[in-house]
Amino acid sequence: MPVSTWTIDEPRKLSFDDPVTALQVRVVDGTVNVVGTDEPGARLEVSAIEGPPLIVTQEDGRLTVAYEDLPWQDLLRWLDPKGRRRSAVVSLVVPTTASVEVGVIGAGAFVSGISGRTEVRGITGDSTLVGLTGAVRGESVSGSLEAQSVTGDLRFQSVAGDLTVIDGAGASVRAESVSGDMVLDVDPSGKPTDIRLTTVSGEIAIRLPHPADARVEANTASGAVSNAFEDLRVGGQWGAKKITGTLGAGTGTLRATTVSGSIALLRRPPAEDDAYAAEPTGKVL
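Start counting at 1 in the sequence shown, then tack on 1, and there's your number in the working numbering.
Ranges of calculated distance between the beta carbons of each label pair, as one might list FRET restraints:
id	residue 1	residue 2	range
1	Glu60	Pro271	45 to 55 Å
2	Asp61	Arg197	29 to 39 Å
3	Glu218	Val4	44 to 54 Å
4	Pro20	Val201	36 to 46 Å
5	Pro212	Arg156	23 to 33 Å
6	Thr58	Thr254	39 to 49 Å
7	Gly251	Gly114	32 to 42 Å
8	Arg156	Thr58	26 to 36 Å
9	Asp10	Arg156	29 to 39 Å
10	Ala222	Pro41	48 to 58 Å
11	Arg197	Val4	37 to 47 Å
12	Val201	Val131	27 to 37 Å
13	Thr6	Val179	38 to 48 Å
Hints are computed from structural coordinates only; laboratory data are not their basis. For each residue, glycine too, the CB sits at the ideal point set by N, CA and C.
Put together the whole structure using the sequences plus the hints.
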């Protein structure tokens, strides 16, 4: 299929009848919204734009909405050599099975209802992902990532960006950060989960279902630890501290490591009870 190209320098709406299997968006400032649909085509609305135009291309099922001088590969190191002010508010409806790549610099991103692979890269913009069932990868310098009801495998890397997972039901969560905090709420209806979290100075808090099913190993070199599970052991008095043990059959895995940040393991109340986090009842060091 030949390449179709549009130049967007003012608010505009476009519809794409040809099937869309992949989407890539790259913007600076503003907002990006992507929503999945059962329809094969796609719809685009640019409701506000300032500065250079956005270039829209469609070829062989791939739809791209981006600034021409903003590459995907080096997005996290990009600087505008001309220092031009730019901003865009972009909303897209694409097939739920499409793969989605969103790159934002200073812009907020929202992606929901996608079952294909999703990747979000950002420098300072915050991202929210809702109801994604495919694999998810996030990279950020200082922007935060919030994942709600995500059932696909989740990977996250940041320098100072925080990670928040609400009703997480994916089989795997792996996150690395220098100073970003990590807060995970594990859905009790999910499968046994492999959770591996690493941060240097960020705090880690994980709320597990009760009863839980995981082998636990959580370590901090100089931070405090708190534990709400009687079956787990809290060791160490000065310096390094750790929480270890097995919950239930130990089918899942939980490994959390921080150098100077604190670690808290919280217990989620049974589903029939009021949905408030249980207070830690174990030892606090």
